[in-house]
Amino acid sequence: DTAVSQTPKYLVTQMGNDKSIKCEQNLGHDTMYWYKQDSKKFLKIMFSYNNKELIINETVPNRFSPKSPDKAHLNLHINSLELGDSAVYFCASSTRTGSVDTIYFGEGSWLTVV
Amino acid sequence: RKEVEQDPGPFNVPEGATVAFNCTYSNSASQSFFWYRQDCRKEPKLLMSVYSSGNEDGRFTAQLNRASQYISLLIRDSKLSDSATYLCVVNNANAGKSTFGDGTTLTVKP
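Chains as they are written, first to last, in this note's numbering: chain L, 1 to 114; chain Z, 1 to 110.
Same shape as in the complex, but just chain L (with noise of 0.2 Å):
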């Protein structure tokens, strides 16, 4: 019963492609992430969203496009793929108590761009 599901789990694709990474959450949460890993570890926020609207949009290349069809799902599409895009993008949802956003991650989707 995984909180938080994002496939695939590894991706690798040539330059110039598109492909997409699901992500699900059964969790009830409103908000869901995406968050990009890159080679030096470092973890950053590309989108959020809360109740299927666009909330955070972190100067991330238009190629990236999200999608949430309804508040348990969030899509990562990305066109065109290039070199610098191979990372591990990971999904997340968060809930808030109070002022308190405490978020929870995916297993991580690892992506290889050749």
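Worth flagging that the hints you see were computed from the coordinates, not collected in a lab. Values in this document were obtained by computation on a predicted structure and should not be read as measured data. Take the hints with a grain of salt, since some may be wrong.
Simulated DEER-style distance windows between Cβ atoms [to be verified]:
1. C40(Z) to T7(L): 13 to 23 Å
2. R41(Z) to H77(L): 22 to 32 Å
3. K22(L) to L46(Z): 17 to 27 Å
4. E82(L) to S81(Z): 16 to 26 Å
5. P8(Z) to S5(L): 26 to 36 Å
6. P8(Z) to S99(L): 22 to 32 Å
Beta carbons: idealized from backbone N, C-alpha and C, even for Gly.
Given the coordinates of chain L, assemble chain Z onto it according to the supplied hints.
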């Protein structure tokens, strides 16, 4: 200046040692604070929240100093299984944003 700064380490300590990690944040409007742990090739997982009054969970103690905008994590009696990267997280709920530090790597050796 980064929003959240941590000493990257690495910290290499023997089993049984006490080790402390520090973190500073720049946004005084930040409202909540956490330590996450990330094992190699795994996702970050919540270790503990951090409160001004300080909080303890077994061998782990977290402390927040709002005046100095400083967060700490103390690990006592280190175990081999404590080896991981520890991420400081600062949340601004009004902005709907949590910012992660770059992590501090701990290796506990026999």
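Structure-based check of all given hints:
Restraint check, C40(Z) to T7(L): a C-beta distance of roughly 21 Å satisfies the suggested window 13 to 23 Å. Hint check: R41(Z) to H77(L), Cβ distance near 25 Å, so the stated range 22 to 32 Å holds. The hinted window of 17 to 27 Å between K22(L) and L46(Z) holds, with their beta carbons roughly 23 Å apart. The given range of 16 to 26 Å is broken by E82(L) and S81(Z), whose C-beta atoms sit roughly 38 Å from each other.
Range check, P8(Z) to S5(L): about 31 Å between beta-carbon atoms, so the 26 to 36 Å window is met. In this structure, P8(Z) and S99(L) meet the distance hint of 22 to 32 Å, their C-beta atoms being roughly 29 Å apart.
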